[in-house]
Amino acid sequence: MSTQANAVAVKPNPNWVDVVHESLHEVCDMMLGMKVTKVDTLEVVPDVTAIVGLAGSLCGLFSIRCSRATAAKLAGKMLGTEVGEEDPEVLDALGEVCNMVAGSFKSKIPGAAELCLLSVPTTIDGADYRVHPLRGGQCYELFSQCDSAPVHIVLHVHQ
Amino acid sequence: MTPICALIVDDSSVMRKIVERSLRQAGIELSEVMEAGNGMEALAAIQNKKPDLILSDINMPSMNGLEFVKKLQEVAGMKDVPVVMITTEASESHVVEALSYGAKGYIRKPFTPDQVKEHVMPLVKQ
Chain Y
490 MSTQANAVAV KPNPNWVDVV HESLHEVCDM MLGMKVTKVD TLEVVPDVTA IVGLAGSLCG
550 LFSIRCSRAT AAKLAGKMLG TEVGEEDPEV LDALGEVCNM VAGSFKSKIP GAAELCLLSV
610 PTTIDGADYR VHPLRGGQCY ELFSQCDSAP VHIVLHVHQ
Chain D
43 MTPICALIVD DSSVMRKIVE RSLRQAGIEL SEVMEAGNGM EALAAIQNKK PDLILSDINM
103 PSMNGLEFVK KLQEVAGMKD VPVVMITTEA SESHVVEALS YGAKGYIRKP FTPDQVKEHV
163 MPLVKQ
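These protein sequences, in sequence, are chains Y and D.
Sequential numbering of the first sequence, starting at 490, is according to our numbering.
Sequential numbering of the second sequence, starting at 43, is according to our numbering.
Any given hint could be a false lead.
[As the list claims (entries may be wrong)] Below, simulated DSBU-like cross-link-like pairs (lysine-lysine); rule was C-alpha separation at most 35 Å, straight line:
| no. | chain 1 | residue 1 | chain 2 | residue 2 |
| --- | --- | --- | --- | --- |
| 1 | D | Lys159 | Y | Lys527 |
| 2 | D | Lys112 | Y | Lys597 |
| 3 | D | Lys159 | Y | Lys500 |
| 4 | Y | Lys524 | D | Lys146 |
| 5 | Y | Lys524 | D | Lys159 |
| 6 | D | Lys112 | Y | Lys524 |
| 7 | D | Lys146 | Y | Lys566 |
| 8 | D | Lys92 | Y | Lys500 |
| 9 | D | Lys91 | Y | Lys500 |
| 10 | D | Lys91 | Y | Lys597 |
No lab work stands behind these hints, which were simulated from the structure alone.
Note that the coordinates shown come from a computational prediction; the quantities given were computed from them, not determined experimentally.
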């Protein structure tokens, strides 16, 4: 794949928070059967995090953070079965949700759909960490309720 | 209707289960479901049994879905097995590349069981 060869950087846009929300709504509606509500702020216990890297015309990091209980709920909805908080599917499912939301997001951004690639998802188990992007850039945050489950999405875009 | 053997290739075990469930919801009878976590594992799996249908992700470690579809065409007796890509990578260039390598369909994640039915049903002889 030579997608990045002629990539021209996409300019960040404040409306991207709405695009992220739209993407989360799409994933939750089609794959999880959950209703998404955007809220101004929310207390999210970030027990688990899923990350997908963006490279090409749009460089950065897309992450979803939530409590283990929320992640188990998302996994259960995806699989259509009860999933315990310690089940291995919990992190796998959160990674896939992150992957699909990031994919849906970039498909809606002109210039990113074709010229931006996604990494495979990575998951972090634990809340005691900080993210330090090595290059300057923009940070977009979205707080959402998936049914009643709080989710925090952060998009770091490098410039 | 003759049940078919499907090979599902995705690095996420959750997604493999969802794809299998979507196939069943689409009314496709499955005699067996083979699973692989990447293209390498998929190439190894088909040495043991020839599937009737392959559904493959693109973004996977070790060997991605596009490389897998390309290599699959070189495996004797596998050219007639329909491959459908199921992936978040839905740019036109990825679709064109996958189809040029021999894939017969392309489904973008997130997807509904109806979309799986629409893309897969015409490809399976049951």
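How the hints compare with the structure:
1. Lys159(D) x Lys527(Y): Status holds; Cα separation ~32 Å.
2. Lys112(D) x Lys597(Y): This hinted pair holds, its Cα atoms lying about 28 Å apart.
3. Lys159(D) x Lys500(Y): Measuring from Cα to Cα gives roughly 38 Å; hence the hint is violated.
4. Lys524(Y) x Lys146(D): 33 Å, holds
5. Lys524(Y) x Lys159(D): 24 Å, holds
6. Lys112(D) x Lys524(Y): 39 Å, violated
7. Lys146(D) x Lys566(Y): 30 Å, holds
8. Lys92(D) x Lys500(Y): 47 Å, violated
9. Lys91(D) x Lys500(Y): 49 Å, violated
10. Lys91(D) x Lys597(Y): 40 Å, violated
Comparing the model with each numbered hint stated earlier shows that hints 3, 6, 8, 9, 10 do not hold.
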